[in-house]
Amino acid sequence: MSTDALALSRTELASRPIVARLHDWVTTVDHKRLGILYIIYAMVFLVIAGLEATIIRIQLIRPHNDFVSPQVFNRLFTMHGTTMIFFVIMPVLFGFANYLIPLMIGARDMAFPRLNAFSFWMTAFGGLLLYFSLVGANGLYGAGNAPDVGWFAYAPLTSRTFSVGHSTDFWTLALLVSGFGSIGTATNIIATVLCMRCPGMTLAKMPLFAWLNLVMACLVILCVSPLTAAQIMLVIDRYLGGHFFDTQAGGSAVIWMHFFWVFGHPEVYVLVLPAFAFASEIIPVFSRKPIFGYPVMVGATIAIGFISMSVWAHHMFTVGMSSAANNFFVISTMAIAVPTGIKIFNWLGTMWGGKIEFKTPMLFCVAFLFQFLIAGLTGIMQGAAPFDWHLGSSYFVVAHFHYVIVGGILFCLFGAFYYWFPKMSGKMYSETLGKLHFWLFIVGFHLTFDFMHIPGLLGMPRRIYTYEPGRGWDTWNFIVTVGVFFQAAGILVFVGNLLWSYFRGKAAGSDPWDSWTLEWSTNSPPPAYNFASIPVVKSRRPLWDLKHPDDPDWKYE
Amino acid sequence: MRPIGSIDRRVRMSPVVVLICGAGVAFADTAQPWSPTNIFAPASTPAKSIFGLSLFVLAVTGAIFLVVFALLLYSVVKFRKRRYDDGREPPQVYGSNQVELAWTIIPILIVVALFMATARVIAVVQKMPPPSNAIAVTAIAHQFWWEYRYPDLGVVTANELHVPVSDPAHPTPTFIKLLSADTDHSFWVPRLAGKTDLIPNHPNSMWIDPQEIGVYLGQCAQYCGTQHAKMLLRVYVQSKDEFDRWIRQQRQPAISNDPISEGQRIFETTACINCHTVLGTLANGRFGPDLTHLMSRDTLAAGAAPNTPENLRLWLRNPNAIKPGSLMPAMELNEQELDALAAYLETLR
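Residue numbers (the working numbering), protein chains in the order written: chain A, 614 to 1170; chain B, 1296 to 1644.
Keep in mind the hints are simulated off the structure, nothing from the lab.
Yeah, the Cβ is synthetic: ideal placement off N, Cα and C, and Gly gets one too.
Warning: the hint list may mix true and false statements.
[Unchecked claim] In silico lysine-lysine, DSS-like type, Cα no more than 27 Å apart, as pairs:
#, chain 1, residue 1, chain 2, residue 2
1, A, 1168, A, 1048
2, B, 1376, A, 1048
3, A, 1040, B, 1376
4, B, 1373, B, 1472
5, A, 1048, B, 1373
[To be verified] Quick look at which bits of chain B chain A covers, simulated, 3 or more residues with Cβ under 8 Å:
#, region
6, 1360-1369
7, 1380-1393
8, 1461-1471
9, 1631-1644
[As the list claims (entries may be wrong)] Under 7 Å between C-beta atoms, here's a sample of chain A residues computed to sit facing chain B:
#, residue
10, 860
11, 982
12, 986
13, 1085
Based on the sequences and whatever the hints tell you, model everything.
So, in structure tokens, the structure goes:
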């Protein structure tokens, strides 16, 4: 590792004019820079969509509140959902995958660097298109509106009869464009993992991170394609006289639901598998033990991949399917709890008998384990179709999927941010601020999303801009809104910590956590070529072998 | 004729009490439900079957939660790094096939049990054939109100569904055919049944057999547009006699005024009749609620406001004041016209 060469090149970089440096970022095909672009882009949208959620919650703090109009409220929840799924979580996960996979498998870049850049800019353009609706959606009228059809945009609310102007078109095109980006990145991840591994790294010796992202990428290709098809059909309906979803001309609203959820449910696993990938790297390192049951973890991941393609209609238990169809989706939905449970147990097995060090990344991952357990169990409740006839479309389901996405995915993501920040920036973050972020966020998370289940059980449907007093919902909604402010404070500390550490933090060194995967064997931040010489590995923990030549892993695997 | 409702009696509970009680059986106090829309206070067979299943599912998931939570808590406390650690790595364990097998097979057995309990309730609710004495209702959802038709009884009404109470020994269930005139909606009265969507071009059905007299509340549960929030549901469960009396009254055409009042003239010469029906007059529109017996209803605008003379006048003057985004236009009437129109509508008993 030539530290001198790196230092030299960084001085050179710093002395170049800012326009030239920006030009480098815009035209880059380096997987690490694209990864960081994805992450920064997602952080910007995280703040925007978080502010939208805050306004939603202020509106719902008491019954008959008039902080925003119903029209604005409906736009807010549509934009919040669409932004968070498509322009926050997917890009940030793609960012980490892009940055880490080549480093973890001992490669110098992704398989298709130019496709990588193309995919990022498509995704970025999609997000800008969505927000351009705020000024452009009414077309000729000048001032415009954001889409207000909900993030799953059920037909026929999206037809030109019920959605005049161009707001729905911006929504459609934004998802269509970013969908191409997602498919490009997924193709790239599959090709990279399958073809670019360093000598000695068989599939069975690959870090779980790469395995989980491989399955995630396969799911993206399978599930984003139907969404893209549906968006094209919707455009045909709106502008070329098609009748796919036009119920007034014999089209089917239910077909849209199938198209959307055949994307929408695997999408949940597209988001959660990379979160599992973070946990599967962080928990072993801070427990000082290898992952428990590696082959079973791989098997469970593949099982989740397959089963997740057959559960979509559990989002549709209330649309009047036959009892046979309902039964099928009940059993497939409950079946997916088995491999997911296996994962939780294996993480437990990893911690069991270890020496757990509660650094910030590990704190977030431990909280994830507890919260994901609850999210899984409320998922089983909704998997029981008759119970879902109550819970579906109520605040209970809103609480449930936020438990998955915030309590599960976002907590793992925060863990990943703190764990790999030293590698990406070369600087150490502040452990004190990290812990403050953790405690603020966990208090806010539980105030908001624990108590959000209860109004759902008391009959409160989702997506209502206001509610009647006397339904027993008032207190709960008040508590839920209070929690939002703790979460917002946590995010402020988080962003502040990263910014402060980037400019003022101590140098982290190449391996601050005494870790075992290949990304820690190169400099922090890694040079453009990643590795001076391509590494050769003999086990799943190449750096363990290096640090413990007397007791290497490859003797036991 | 207002049915006596135990429902509107509102019981407030402090969050602390609620937390101590926890989920489950504590919710089931039907005499004093915490909320008129509590899913754990069922009053009709479909809701009761779901309630039974939900208790079973809650018990199973609760048990899993306790066991796994305890194991996780134990491991993070017991295996935390101690202050005076010797700095050596713990024993490196790679896995165990026996343990993996155990935590694969036990969850599979639990899933099978949960599935069988679920399938039973699906059959009870979905495969119920309508008995010959069932009341047939067609519910048609509109943006943002409910139309109810009783095809066998010749009654059309809006927003307030009346059904007879059902004696468990001799059930008289109500079977509701669910249609939509525009976008997707969902019919959800939590104490009577789970929700079922109303989807255009996709007829659905559901049934209820409410066993206690009273008013049951609910609201549209599928996002349907601007005023999704104020598309409220009210189900009036009445004794057989009261229900029959209500049906007889609803079948009557509107009381005719002779000569035609000023209000009726305004009603029939402005756009009102494009959307509203008043039986026995010129007005036969279908886009808005049937107003033949408007004054027999407790609420206006799909439950958005109580049906009082002041609210009625405000609603006529500016529907957006009560329900912004409602599809009823403000007709820009002057004060005298408003008075006359309101006076006419108040004769529609």
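Hints, verified against the model:
1. Only pairs whose Cα atoms come within 27 Å are accepted, and residue 1168 of chain A paired with residue 1048 of chain A is rejected, the gap being roughly 38 Å.
2. A hinted pair counts as satisfied when its Cα atoms are at most 27 Å apart, and residue 1376 of chain B with residue 1048 of chain A qualifies at roughly 17 Å.
3. Between residue 1040 of chain A and residue 1376 of chain B the alpha-carbon distance is near 25 Å, which keeps this suggested pair within the 27 Å criterion.
4. Only pairs whose Cα atoms come within 27 Å are accepted, and residue 1373 of chain B paired with residue 1472 of chain B is rejected, the gap being roughly 59 Å.
5. Between residue 1048 of chain A and residue 1373 of chain B the CA atoms are separated by roughly 21 Å; this keeps the pair inside 27 Å, and the hint holds.
6. With 5 residues having a beta carbon nearer than 8 Å to a beta carbon of chain A, the region 1360-1369 of chain B meets the requirement of three or more and the stated coverage holds.
7. With 9 residues carrying a beta carbon less than 8 Å from a beta carbon of chain A, the region 1380-1393 of chain B meets the three-residue requirement, and the given coverage holds.
8. As drawn, the region 1461-1471 of chain B meets chain A at 0 residues by the rule of a beta-carbon pair under 8 Å; below three, the given contact is violated.
9. Counting residues of the region 1631-1644 of chain B whose beta carbon lies closer than 8 Å to any beta carbon of chain A gives 0, which falls short of the minimum of three for the stated coverage.
10. The interface hint given for residue 860 of chain A is met, as the beta carbon of that residue sits about 4 Å from the closest beta carbon of chain B, less than 7 Å.
11. Interface restraint check for residue 982 of chain A: the shortest CB-CB distance to chain B comes to about 6 Å, inside 7 Å, so the restraint holds.
12. The interface hint given for residue 986 of chain A is met, as the beta carbon of that residue sits about 5 Å from the closest beta carbon of chain B, less than 7 Å.
13. Annotation: residue 1085 of chain A was flagged as interfacial toward chain B, and the flag holds, the nearest CB pair being 3 Å apart, inside 7 Å.
Violated hints, listed in ascending order, are 1, 4, 8 and 9; each of the other numbered hints is respected by the structure.
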